[in-house]
Amino acid sequence: MKRIAAWAALAFGTLYFLLPLMGMTEFSLKMRRGVYSLDAYARVLADPKFQETFSYSVIMAVFTILFGILLVVPTAYWVRLKLPRARPYVEFVTLLPLVIPAIVVVFGYIRLYNTSSWLPLTGTVTGTNILLMFGYATLSLPYMYRAVDTGLRTIDVTTLTEAAQSLGAGWVTILGRLILPNVLVAVLSGAFVTLAIVIGEFTMAALLNRPAFGPYMQLLGANRAYEPAALAVIAFGITWGCMGLIQLVARLAPKPAIPVKD
Amino acid sequence: MTAQPSPDIKTHRPVPLSGRLPLHWLGLVPFALFVVLFLLAPTMYIVVGAFRTIDGAFTFDNVIGLNTASIRSAYWISIKISLASASLGCLIGFCMAAAMTLGGLPKVIRGPLLTFSGVASNFAGVPLAFAFLATLGPIGLVTVFLKTQLGIDLRLLGFNILSFWGLTITYLFFQIPLMILIITPALDGLKREWREAAEILGASGPQYWRMVAFPILFPAILGTMALLFANSFGAVATAIALTGSSLNIVPILLFAQIRGDVLGDPHLGYALAFGMIVVTGIANTIYIVLRARSERWQK
Chain R
1 MKRIAAWAAL
11 AFGTLYFLLP
21 LMGMTEFSLK
31 MRRGVYSLDA
41 YARVLADPKF
51 QETFSYSVIM
61 AVFTILFGIL
71 LVVPTAYWVR
81 LKLPRARPYV
91 EFVTLLPLVI
101 PAIVVVFGYI
111 RLYNTSSWLP
121 LTGTVTGTNI
131 LLMFGYATLS
141 LPYMYRAVDT
151 GLRTIDVTTL
161 TEAAQSLGAG
171 WVTILGRLIL
181 PNVLVAVLSG
191 AFVTLAIVIG
201 EFTMAALLNR
211 PAFGPYMQLL
221 GANRAYEPAA
231 LAVIAFGITW
241 GCMGLIQLVA
251 RLAPKPAIPV
261 KD
Chain X
1001 MTAQPSPDIK
1011 THRPVPLSGR
1021 LPLHWLGLVP
1031 FALFVVLFLL
1041 APTMYIVVGA
1051 FRTIDGAFTF
1061 DNVIGLNTAS
1071 IRSAYWISIK
1081 ISLASASLGC
1091 LIGFCMAAAM
1101 TLGGLPKVIR
1111 GPLLTFSGVA
1121 SNFAGVPLAF
1131 AFLATLGPIG
1141 LVTVFLKTQL
1151 GIDLRLLGFN
1161 ILSFWGLTIT
1171 YLFFQIPLMI
1181 LIITPALDGL
1191 KREWREAAEI
1201 LGASGPQYWR
1211 MVAFPILFPA
1221 ILGTMALLFA
1231 NSFGAVATAI
1241 ALTGSSLNIV
1251 PILLFAQIRG
1261 DVLGDPHLGY
1271 ALAFGMIVVT
1281 GIANTIYIVL
1291 RARSERWQK
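Order-wise, the sequence lines are chains R and X. 1 is the number of the first residue of the first sequence in this note's numbering; add one for each residue after it. 1001 is the number of the first residue of the second sequence in this note's numbering; add one for each residue after it.
Here chain R stands alone, though its shape is the one from the complex (with noise of 0.2 Å):
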């Protein structure tokens, strides 16, 4: 009775997740009539505004990884080793973008820096792409840091931090010849969830009037019939690639050999 439920419950569930995803797929296949063909994904692969657009938002989404990593790993490294105290303040900050929507951020960018303000950031298509780049970096910023804290906390923070000031180190040889590597596998999996979230990414760019792929995928669909659904299989691939190499290099990683439990 229980596991025929629970049966239920699973093929219910499954049915629900593979219709559209067999929906989307199939419909992408249609494009010439009477017959499945690539012609839809020839089409969106061929279109030059694809090509930038993609080209855009993947150099935004490794700038994007950058600077999350060097604004991430020193902060988390420096709240665990000199300021624990401080660290349910700066989690509950960096969860603050799941709670404040997406629009109403950039709607105070907009509004912040335009061009009579004292820092007119969207004057400019440099400062606007810097600002969409921060706009992304909050966007990132929950799961970044809560990967990077994770991967803090299964090495020995203080005694590494001792042993490399004590053989003469500096902090930048510290964070980026010992904790950066110690740390890598955390970092590449928030840098994939990045990669997810900027490429698909639709709000903030398109008020801030850049070239990004989400705009340009909102554009296609209000305008054609099978590319988008050709698109939506390109995006559901990338999103599967991104989520699959953190579990690759999660599983490839060296694991600690005693894991410190706070």
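One thing to keep in mind: the hints can contain errors.
Non-contacting residues of chain R with respect to chain X, defined by C-beta distances greater than 12 Å in every case (computed) [unchecked claim]:
id	residue
1	Arg3
2	Leu19
3	Asp39
4	Ala42
5	Leu95
6	Arg111
7	Thr115
8	Gly123
9	Gly176
10	Asn182
11	Glu201
12	Pro228
Think about it this way: if two alpha-carbon atoms lie no more than 25 Å apart in a straight line, the pair counts; the simulated PhoX-like pairs of lysine-lysine are [unchecked claim]:
id	chain 1	residue 1	chain 2	residue 2
13	R	Lys49	R	Lys30
14	X	Lys1191	R	Lys2
15	X	Lys1147	X	Lys1080
16	R	Lys30	X	Lys1191
17	R	Lys2	X	Lys1107
Now the in silico label distances, taken between C-beta atoms and shown as ranges [claimed, not checked]:
id	chain 1	residue 1	chain 2	residue 2	range
18	R	Ile110	X	Phe1159	33 to 41 Å
19	X	Trp1209	R	Leu167	53 to 61 Å
20	R	Leu180	X	Val1036	19 to 27 Å
21	X	Gln1207	R	Ala225	52 to 60 Å
22	R	Lys2	X	Lys1191	25 to 33 Å
23	X	Pro1030	R	Leu167	20 to 28 Å
24	R	Leu66	X	Glu1199	55 to 63 Å
25	R	Arg85	X	Arg1293	20 to 28 Å
26	R	Glu26	X	Leu1091	23 to 31 Å
27	R	Lys2	X	Lys1147	31 to 39 Å
28	R	Gly170	X	Trp1209	18 to 26 Å
29	X	Val1212	R	Arg3	18 to 26 Å
30	X	Arg1192	R	Ala222	29 to 37 Å
Please keep in mind that the hints were generated in silico from the structure rather than gathered at the bench. Glycine residues also receive a C-beta, built at the ideal position from the N, C-alpha and C atoms.
Here the structure of chain R is known, so what remains is to put chain X in place on it, guided by the hints.
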């Protein structure tokens, strides 16, 4: 978990020289600067703007100005969609997680299901809308199948993907996996001893669930529901890609307002955004409070 006493690393730390200024907090300056400039200040600007006139004087007029038929209905539809997708997401997600952890299914299901949940909870936004349009839209896979094979015309039944239920069903695609991911640890935390103790005292299966397991899980379930609520309330991209601007919900209205001041009053826009923060803020406070309560049982 903590059976082995770990060496107390704190005792090795050198005592800071007395009389030296505590400068440790300086290490947090870059992070604090970033958070203030690109998260807190923009949000505060909107919040303060919601209570100011164009001349900068304090006023409640903007917030009161939200009380028009169209804005009220936008909030109401948004709240209804969020409630429906959060409660259905909770229910279905709970059933699936319970089936996986307690239902006696083969162990091999667990890994793939959790991995898939991780992917699906991140598969939101524009492509998700496309996937559902291709499935339940006018010429979607399921719509056509039901019509040609079973003679059921969804449109005649009143179903439209660009509607309340269409949006709710679409949101479930990221709500259910999120519920599975959050509730599974809580279900794993149900100790077998509790069940055995209840059975020894003569409790039936339903009695165990009603009087032991459910009260323990209740804060976790309700808390997750609050999180799912906030999650769908703030979702913009899926709604816009799915319905364009045909459905009057708060995120779409705010998007149009930022793009082109459709309300004709910038400060009313601030008030609209402020209302969103209030709703998601309340939902998240409920989540945080209830999560703290539910974690008491997971030690």
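Going through the hints against the structure:
no.	hint	result
1	Arg3	violated, 5 Å
2	Leu19	violated, 6 Å
3	Asp39	holds, 15 Å
4	Ala42	holds, 18 Å
5	Leu95	violated, 8 Å
6	Arg111	violated, 6 Å
7	Thr115	holds, 16 Å
8	Gly123	holds, 17 Å
9	Gly176	holds, 16 Å
10	Asn182	holds, 16 Å
11	Glu201	violated, 7 Å
12	Pro228	violated, 4 Å
13	R:Lys49 to R:Lys30	holds, 22 Å
14	X:Lys1191 to R:Lys2	holds, 19 Å
15	X:Lys1147 to X:Lys1080	violated, 29 Å
16	R:Lys30 to X:Lys1191	violated, 51 Å
17	R:Lys2 to X:Lys1107	holds, 16 Å
18	R:Ile110 to X:Phe1159: 33 to 41 Å	holds, 38 Å
19	X:Trp1209 to R:Leu167: 53 to 61 Å	holds, 58 Å
20	R:Leu180 to X:Val1036: 19 to 27 Å	holds, 26 Å
21	X:Gln1207 to R:Ala225: 52 to 60 Å	holds, 55 Å
22	R:Lys2 to X:Lys1191: 25 to 33 Å	violated, 19 Å
23	X:Pro1030 to R:Leu167: 20 to 28 Å	holds, 26 Å
24	R:Leu66 to X:Glu1199: 55 to 63 Å	holds, 56 Å
25	R:Arg85 to X:Arg1293: 20 to 28 Å	holds, 23 Å
26	R:Glu26 to X:Leu1091: 23 to 31 Å	holds, 29 Å
27	R:Lys2 to X:Lys1147: 31 to 39 Å	holds, 37 Å
28	R:Gly170 to X:Trp1209: 18 to 26 Å	violated, 59 Å
29	X:Val1212 to R:Arg3: 18 to 26 Å	holds, 21 Å
30	X:Arg1192 to R:Ala222: 29 to 37 Å	violated, 54 Å
Going through the hint list in order, the structure does not satisfy hints 1, 2, 5, 6, 11, 12, 15, 16, 22, 28, 30.
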